[in-house]
Every structure is written in structure tokens, then in C-alpha cells.
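Once you've looked at the hints, dock chain B against the given chain A.
Below are the chains, spelled out letter by letter.
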Amino acid sequence: MEFSELIRTGRAQAKLLRGPEAPPLRGTLCVTGHHLLLSPGPQATSDLWLLLLRRVDSIQKRVSGDSGTITLRCKDLRVLQLDIEGVEATLDIARSIEALSSLESVITSFPFFYRPKGLRLGDAWHFHPPERYYKRVARETNAWRLSEVNGDFSLCPSYPRAVIVPRAVDDDALARCARFRQGGRFPVLSYHHAPSGTVLLRSSQPLTGPQKRRCAEDEELLRAVLAGARPGARGFVLDTRSAQAAKQARVTGGGTEAKAAYPGWKRLHRPLERGWPLQESFVRLVEACGDLEQSMDRWLSQPEACHWLAHVKEALSTAYLAAQGVGREGACVLVHGAEGTDSTLLVTSLAQLILDPSSRTIAGFQELVEREWIQAGHPFQLRCAHSAFSHARPKHEAPTFLLFLDCVWQLGRQFPQSLEFGEGLLLALFEHAYASPFGTFLCSSEKERCLCEVRTRTHSLWSGLNQPKEQRKLRNPLYVPNPLAIWPSVELQTLRLWQGLFLRWIRPPEPSEVAWEKVWQIVTDKKTEGCEPTVSASEPQL
Amino acid sequence: MEHIRTTKVEQVKLLDRFSTSNKSLTGTLYLTATHLLFIDSHQKETWILHHHIALVEKLALTTSGCPLVIQCKNFRIVHFIVPRERDCHDIYNSLLQLSKQERLQGWQLIDLAEEYKRMGVPNSNWQLSDANREYKICETYPRELYVPRIASKPIIVGSSKFRSKGRFPVLSYYHQNKEAAICRCSQPLSGFSARCLEDEHLLQAISKANPVNRYMYVMDTRPKLNAMANRAAGKGYENEDNYSNIRFQFVGIENIHVMRSSLQKLLEVNGTKGLSVSDFYSGLESSGWLRHIKAVMDAAIFLAKAIMVENASVLVHCSDGWDRTSQVCSLGSLLLDSYYRTIKGFMVLIEKDWISFGHKFSERCGHLDGDPKEVSPVFTQFLECVWHLTEQFPQDFEFNEAFLLQIHEHIHSCQFGNFLGNCQKEREELKLKEKTYSLWPFLLDDQKKYLNPLYSSKSPKFAVLEPNTVSFSFKFWRNMYHQFDRTLHPRQSVFNIIMNMNEQNKQLEKDIKDLESKIKQRKNKQTDEILTKELLHSVHPESPTLKTSLCFKEQTLLPVNHALRTIEGSNPADNRYSEYAEEFSKSEPGVVSLEYGVARMTC
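These protein sequences, in sequence, are chains A and B. Last residue of the first sequence? That's 542 in the UniProt record's numbering, and every number before it is there in order. Last residue of the second sequence? That's 603 in the UniProt record's numbering, and every number before it is there in order.
No lab work stands behind these hints, which were simulated from the structure alone. Idealized CB from N, CA, C, for every residue including glycine. It is possible that part of the hints are untrue.
[Said to hold, decoys possible] Quick look at which bits of chain A chain B covers, simulated, 3 or more residues with Cβ under 8 Å:
#1 51-57
#2 490-500
#3 517-523
Same shape as in the complex, but just chain A (with noise of 0.2 Å):
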């Protein structure tokens, strides 16, 4: 194995700190290929101690005298400190690290070795299959239609093998609509709204150019969408970019819709934060949150801070308008922005948070992010290449999935009794998205993911997280089904900073953790007494 080559030393005595509120351990160290672990002994009581190498986000050593110190910073927001013993030791153990912790290569990493007890290789990864949605949404409206067109990934490579459009287009059109959207992310069919009968739909821009270049299948299937949804729908185009970052978007073969060419459609611009400037309040924020000598001046008014809160008011606000207008106003919505894979993809996942009932339930959620998310091509493997403590200039990496994550929290928040699953979901799908031992967020799309065999090497994320003992982190013991759409409140008054992330390993473990297992056994007790008498009353008979 080639990883034997990166690990310098085997082993050595070390201490491990793990914050303020844990004890430390102390043991002999040892780096695989994989893990990084701490053994205590066989003496000592507690269990052996182990970190995904790969969860590592960046890694500061520092040696003085015969001994050293290691900081690892890690991708879930931790912060960890090994003392060493011997200067040589450190300094291969460090490296060691650091060589291993950013290993490119996809086959090599940890899910492909990952074969936990109790599960199956293949199992799960056919619980959210999003081609049951749509061929339901194409069963139930005859104006919908699945298509193999990308049966081969040939016409786009970020979109999955099967895509949902309008029954009206047939597969050639597909073909030429596709080239005249960018990466070949030709609109389909996100959400459909049975009560009002409209859709909400993604894409990515159209390549119109400076020279204004029209499609005239691009046009006759966006008319065939308002055709379908019914007689005289309007329809809206929501570009996640401002109006004149669309515009110069031509200069580079971008461009937008123009109005002549699409009767029906109206063109509304919210700008969200992306990429680079996202990634960049990120870190801010989480640097902000380390530091706990700061004044209770400097805390409120941390641009930062303020920064990422602002682009949680934002993503929300888009959602709701997007939301707005199929759940309210009976329209349909197409979402777009430059590549259409990722503010695209926040505001659509939370435009159904915010309308679809069925997606607030734990199967749901794990649904759409299946479909909105991972097969919709979101680039998870560029995105989560880092987190908040890397020092390497960042390329490609931004936390949008983090973004959505958060607003969902929010949404939570407002909303206690509404969302089936509780904030241990997020925070896992956080920890999962970053670094994981399952291969649910591995690649960048679905094509990789079949060229690596991901399907079939790797154990699904789902199957881990939808195992009994795990229900009860997950779940939210409040839930009362609703039935209703869950309109948020975007003013700032009301949002908050996710503590229970930002500042999970920063304070002292919660109060309000224990508080939570309290409310489990309120909810549990009733669950059992609501049985009961049901069952005493049928004894007699007996």
C-alpha cells in the first residue's frame, strides 16, 4: 500500500487535550493510513481514542526542548492539542499528517476501506432514489415526463442519468437546449406543487453571449412548461445574481433570458453571496468564535459575524420569494444563477422546506438532499475540500451546503414543532459532508461517482444515520406533523447564530443538552402510557 510511504513514525508517547472540558489522555500515539490513534494503555480504562485523518483541516507544530506540540484544527469546527515526546517524533508525526490528511485521490480514501458491522455493502443507497419523485410528479400530471436522454452523462455531466421534463420536448430538443445552457444543466423539473399545480425549476445560465444568441428549443420548452402547469400561468425567472453581474456575465458567453424571447416569464434578480466571499465570512466567523477574550463590544459588532448572518437573512429571503411565488401567487419559478449548482441549490432545496410537508420528515429531508443536492450535482468534493481553519489558498471551496444547513436551522428554530428532525441531523450532515467514513458525499457528481463504483464499494450515509440507536440524536421528540407551509421570518430580530455549531466545541457542553434528554423522556412516557389503556381495556375480553 502506497500509504506506507507517507507514515514516517509508528508510534509515539503523547497527550492529547480536547478542549476545556474534557480530561486530557495520554498514551501511545500511532498514525495509519486513515486514523489517527491514541491507545491509553492496558491499564487504563478508557477506550482506545481515534480521528479520521481526513477531518483534519489544517495542522500547526511547534517544538521546544525534547518534546513537541501539535495543533490539529479539524473540519467539524474542533481544536486539538498532542504533546509529544521527542523533537524527531513531531516532526514525522506532523508530517505524516499533513500528507495523508490531503490525499487527492477519491478510490483511495477512507469509505472505500469502511465496513462497519450490521450493514451491507449496497444497502441504502437506493432509500431516495429522486427518480420515484419524479416519476410520481410524472404520473400525477401527465405533463411531465422521465428521460434517459443522459443515460450516458453525455449531455451533461453534473446531472443524473435520469431527469424529469416536460412531456412536450422530446429527447432532440434536450440535446440542443442543452448546449445552450451552461455545463449542459438544461432547466428540469426541481419541485412540483400539487395544490396550485406549478413547478419550481433549475438550470443553469443561458449561454446568450454578447451577441444576445437565442434557442429556440430552450424557449419552446420553457412555454411548454407554462403550458403544462395550466391555462394563462405566468411564470418567473429568478437569477441569483444582480442585474448587472448577469449582464456581464455575456462578455464571457453567459448571459441571461431575455424578455422578447420568453413570453410568460418575468426575470427578478437577488443577488446572493457565493464562492469566494462566503468562504471567506466563514472563516471570519469561526475566528471570530475562538476568540473568547474579546470584549462584549468587539462580540456584537464583529463584521463577521454579521457578515454570515447576512447571507443566512439573503439565502432565506430568495427562498421565500421563490416559494411565494409557487405556493401564493400560482406561478412557476425557474431558479438560476451562473453553473446552476450552487445558490441554485439552496434556494430551491429551502423554497420546499419551506412549502412541502412531506420533505420536513427525517426521510424526507434525507430525500432532498439526496435529489437537490448530491444527484443535482452540487460539487461537495470541491466545495468541502476545506473548512474554516485551512491555510491553503482556497480554490474552489465554499460553504453553501453549510449556508443551507444553517437556514434550515433557523427554519427549526421558528418553527419547534414542525421539522421531524432535530439539530443532531444537521450537525451530522455537516460532520459527513466535510470528511466521512460513508460514500454519500464523495465526488462531485453523479458521473464520478459511477466511474469510482462509489454505489457499490462504499456504505451509504443514509444506512449509517437511519440505524436505531442512531434515531434518537436525530430526531426532533416535538414533531407534530403539519400539514401547512411554514413561512419564516426573515427579520434579524429573529435569526440567531447557530451556537450549537459555530461554538459546539468552543463553551462547556449545554445545559440544554441534558434539557433535551429530559424532553425525550416526557415524550417517551406519553408514547407508552398512550398505548396502555388500549391495552387494559381489551384485557377483560380476553
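What follows is chain B alone, placed relative to chain A:
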């Protein structure tokens, strides 16, 4: 019960007010602890609640007997004729007593002498002083004061002359385990060099009353600059050289004027719609409100630590010793003693450190058209500090946020007598105890609404809270400052939901027991075939209630308004709760701001 002299009078006539023929009913009059009951010869019953009685009148004796007229607050007027004058007199007197009794009993609910006994005073080191029995030494202190046993009356009198407004050092809280005390006073009239031997003796007496640690802390809760400025006016702070065994400490809580304008700024900021993120936070920061809250909290933590860690007694003062001193003493005791974290204990704490020691509620809340410069949200800050503690320690408080909000409601409402006036002397002059009701029994009646479902009462008496004061643990109290803004979510309170679940659990348990006992009864009585048939019938009517309570959608959720007969709208807090109840039954936010985006969509 001792007020009831006669329980039953026969042959009483009930006159019809408007009957021209002087028609009357004859029957028996019963007097119970709660009601006056008249049963006529047709067995028709007339119940009159003692609470409802506004006026009882005994008219001049007539030939048929002694007339008794009772006017009720709900506009019922009854006219009885009692055959014997002695009976009539007895009933008259009993009714007078009974209709008043409730009011007096309410005021007896909180007994501060009882509270000092609970703390363990008087004891060998501390005693009750009668120096202020007639409000001769200090008008703004209560009559009963506890001082060190070795402090004689001349020392007290001497010290009080050296303290602003005569507020000499007295006991506020005694920690039984540590034998250390929290004392409070106002600033000394030291100027640049004045001394007072009696005052020095009194401080020494306080430190001597602590057998463990001879050192005591003197906390001046003002910023140092303010204290220095006071020296020029002949006031100031203790000189460490003149007092033996003291450690002097400034804390730096700003004065009432700073707090007033800080709240003003806070309200301006959070009242603005569609604010940008950075504007909101820089506005919040420049208001300084959370910084002031943190300062109060830090002072209380310092106080609690001095007692817990160093076993030292602490003397707290500010300028007059009724604003910042009340904040710090009461919050400090709350951190130290788990009793104050119960519903009853919190009432006692407010009654002790705020009401009896003369926090000027009337002026601070602006009850009357007074000096606007005297208005300041000092008590609101105290409540907010407590709220922050409940957020950090969700299991340590018996009460919830609603309790704090309700108390806040009533310091301004003037519906109850507790917060009227500026000090005990004023309240006695106003005869508040006879003329008004106390807030506390009213709150206790509705206790269910204010219980914290996560409270675990098992914690020991002296479980100290050690709150975290890192800046990010201070949050904007949305539910206080936006309690009436319904579009700002969340509108569902998780705690209320849990509370209701608890309630339903109890109800279900009761149902189970009922059903089980029914089953047993039937088993004993009847043969098997009949039993199955009957059971089907008997179980059926129960099951719908079970079902509805299971999906917890019905109005069984909250006891809304039922016992209370307040005038509609007079009690905003109650309205708030009925709104909550509505929301449980349909959690759709009906009124989410439509204007958001619509304008832009159609433009």
C-alpha cells in the same frame, strides 16, 4: 373559619326588588367559607360568592324582621329579611370579615420574618434590631432590620448619620453553611477625609460576625469615576486605611440615567424594520444594553464567589443603595441559594431585596406624573439577568420566562399594591394592604402557566450557579422586547409544549386508573358475557377524549382564562396566552408579512 358565627338561619325571606306586591320567597340561609347560599322552599338555590360582595347593609328593624341588603360587584342585589336581629347581626359581621379576609390573607403569603428564619437568623451572631421600628433612623428601610449582635444602638445611630439617606449597613442575606453574610447600605458621607468611628465599628462588627473569615469585601457597584465625583459632594466611598479588615472593590455598573438612555437606544434599533445585519448589530452594540447586563451579572458573580470561595462577608453599596445594590444583592443571593430559584422563593426575593429595602418602584416605573429623570429600567435589567440565567441553567429554575414577563407586566400595571409607592413607610401610609390586593397569590393561582417543565428540584439547597459570562452567552431577549410582535417567530414556546405534554400524561394516567377501576368493579359484579358487552359501551365514550388528547390539538392544552374574570383587554398577558393556545391548534402562521417580496414580484 373563625369568622363564621352562624352557619344556618331558617325562615329567611328573600324579597324581589321590583315586585309591586312585595312578593317574597322563604327559605334557609347558609353561610360557608366561600359562599352565601339561599335555598328556598322550592329547593331553588342562590349562590353568592364572598368575592363578589361589594357592600353589606343592615337596615332599620321592621315588623317582619331585620332587613339585610347585599350588593354584589356583578350587579346582583339581594334583599333578605332575617327574623331575629341577633342572627342578622352575626351574618352581617361574618360577611364583612369574609369578604375582606381574602385580601389580608394574600398579603400574609410572603412573610419576611419567616424568610430570615429560613436563612438562620437571628442566631448567636445576628439579631433583629428595633432601632428603626418607628422609621426614626431611616425612612426608606423596613421596620425590621437584622444587624450584628455586637452592634449596639448608638453605633447604629452613629453609622446611619454617616450614610447617605441614613441607610446604614444591614443584613440582606445570610449564608447558613458558610456563616457569611451579604449586607447592604448606601455610600458613606466621607467626602475627602471625614471619618465616623461608629460606622467603622459597625463594619468591624459585620466582619466579626463571620467566624471563618475576618476579612470582608466592600463592593462599590459604581464606576470609580462616579464614586470619586461624589467625594466632591461630601459623599464618596470607604477609605481602606480607616477600616480594619476590609477589601475595597469597584464594580462599574452605570447609573440610572445611562441605563435609561441605553434602553431607549436599544428600542430604537430593534424597532426598525428591514434593518441590515451590520446596522442591527452595531446598533445593539452602541446601545450598550448587553454590556450593562453583563456588568450586573459580573458583579453578582463576584459577590457569590467571595462567599463561596473565600467564605468572606460582603457589604454592597452604590450611591443610595436602592438600585444597583438591589440588583447585585438579589442576583447574588439567587446564585447562592436554590430556594430563590423556586416560584415562591423568587417572590420572597423580590419582596425582600427590592420592595422592603426601598427600591423606588413608583419613581423608577413612572407610575405617577413625576420627574422623568427618575425613571429607569433597573428592575427590568434584574429580570433580564435572571432570564439569562434561566437560559444557561434550564433545569435549575422552577419558573419559566412567562413568569418573568408577567411580573414585568405588573410592576407597571398598578393593578396590585406590591409595587406602588417607593418604600415601606409610604406603603403603610397609603394603607395598601387594606385597599389593594397582593400580586403573589394571583400568580400562585395560575402557577401552572409559570412552571418550568425541565425543573429538577433535587438539587441541594446551596447549589451555586456559576454562569458563563463570555460575550456570546448574552443574547437579545426577543420575547421581552418583541413579545407583542407576532410576525417575529418563533411564536410557539417549546416549554409550553412540554408543559402540556406533562399535563396530558397526568390526564392519561388518571384515565387509565379510572378505566382499570371500572374494569375491576365489573369483574366483581357481573358474569363474563354481560361484561364484554357492557365494557364496549363504557369504554366508548372515553376513547374520543383519549384520541384528541393524544394528537394534542385540542384546547385542553392550556387553562386559558377560565378561573379569571378580568375585564377584557385589561390583562394583556392573558391575551398572550390564549394566542399561544390558538397556535397549538393550528400552527400555520396566518399573518406572515405578505409584503415581503410581493411588491417586487409584481413590479
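Against the structure, the hints come out as follows:
1. For the stretch 51-57 of chain A, the stated coverage by chain B is not satisfied: 0 residues place a CB nearer than 8 Å to a CB of that chain, which falls below the threshold of 3.
2. Note: the stretch 490-500 of chain A has 8 residues with beta-carbon separation from chain B under 8 Å; the three-residue rule is met and the coverage holds.
3. Under the rule that three or more residues need a Cβ within less than 8 Å of chain B, the assignment of the stretch 517-523 of chain A holds, with 4 such residues.
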